[in-house]
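**Q** Protein sequence lines correspond, in order, to chains A and B.
Quick note on my numbering: the first sequence kicks off at -3 and runs consecutively.
Quick note on my numbering: the second sequence kicks off at -3 and runs consecutively.
No wet-lab data here; the hints were simulated from the structure.
Watch out, some of these pointers could steer you wrong.
Remember, identical chains collapse to one label, so a pair may be satisfied in a single copy or spanning two.
[Said to hold, decoys possible] With a Cα cut of at most 25 Å, we get these calculated PhoX-like pairs of lysine-lysine: (1) Lys15 <-> Lys41; (2) Lys13 <-> Lys28; (3) Lys15 <-> Lys91; (4) Lys15 <-> Lys47; (5) Lys7 <-> Lys41; (6) Lys15 <-> Lys28.
These numbers were taken from a predicted model, which means no experiment stands behind them.
Protein chains: 2
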Amino acid sequence: MAEGQGQGVVKHILLAKFKEGISDHQIEEYAKQYANLVNLVPSMKAFAWGKDVSIENMNQGFTHVFESSFESTQGIAEYVAHPDHVDFANLLLPKLEKVLVVDYKPTSVLV
Amino acid sequence: MAEGQGQGVVKHILLAKFKEGISDHQIEEYAKQYANLVNLVPSMKAFAWGKDVSIENMNQGFTHVFESSFESTQGIAEYVAHPDHVDFANLLLPKLEKVLVVDYKPTSVLV
């Protein structure tokens, strides 16, 4: 089945603004733990992250992007309910001043 | 050079909430015009979009994700200043109730 159709890849994007006092080193440690969920949650297929480097001043204070990939929305539901995800969320969320999560199936457009 | 390092791919993510009264059909037309920027702006290498399908109720009202890819942050700066982007932004932004933009170099973590 083509990517972006039906059960194609679904991206899970978490935008974060860390609380003051959380160092870059600590953020890297959280990113490692986040990445390690790929090894613990079967439905999570890939992970990447990065610091916001936008220049348009439309980031609404968010400073980091965490992007994970699943094979279906059902896979995200399994991830959300997975005890290792719940443990990590309980660790990470108190460190965040702002958080936003969206999921989407990236679809290309022929033009 | 490895992706995610140095001049590796930079993702440009726009989250949108369209104003009431903008139909799904109109949103698809805007997505086509957004996608067509790949043909008009040399530094823009890829485009995909999707409707938010998240289940965690942390989307802060955003309903659509538009994801474009560049080879460098300089490429995004060229895109932002490009007249065809400016024209499209002037068309799209008034249709949005909320908008958020972040750019990041997706970096993997070895765990």
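**Q** All hints, please: hold or fail.
**A** Against the structure, the hints come out as follows:
| no. | hint | result |
| --- | --- | --- |
| 1 | Lys15 <-> Lys41 | neither (28 Å within a copy, 34 Å between copies) |
| 2 | Lys13 <-> Lys28 | within (17 Å within a copy, 32 Å between copies) |
| 3 | Lys15 <-> Lys91 | within (6 Å within a copy, 32 Å between copies) |
| 4 | Lys15 <-> Lys47 | within (15 Å within a copy, 29 Å between copies) |
| 5 | Lys7 <-> Lys41 | both (10 Å within a copy, 19 Å between copies) |
| 6 | Lys15 <-> Lys28 | within (18 Å within a copy, 38 Å between copies) |
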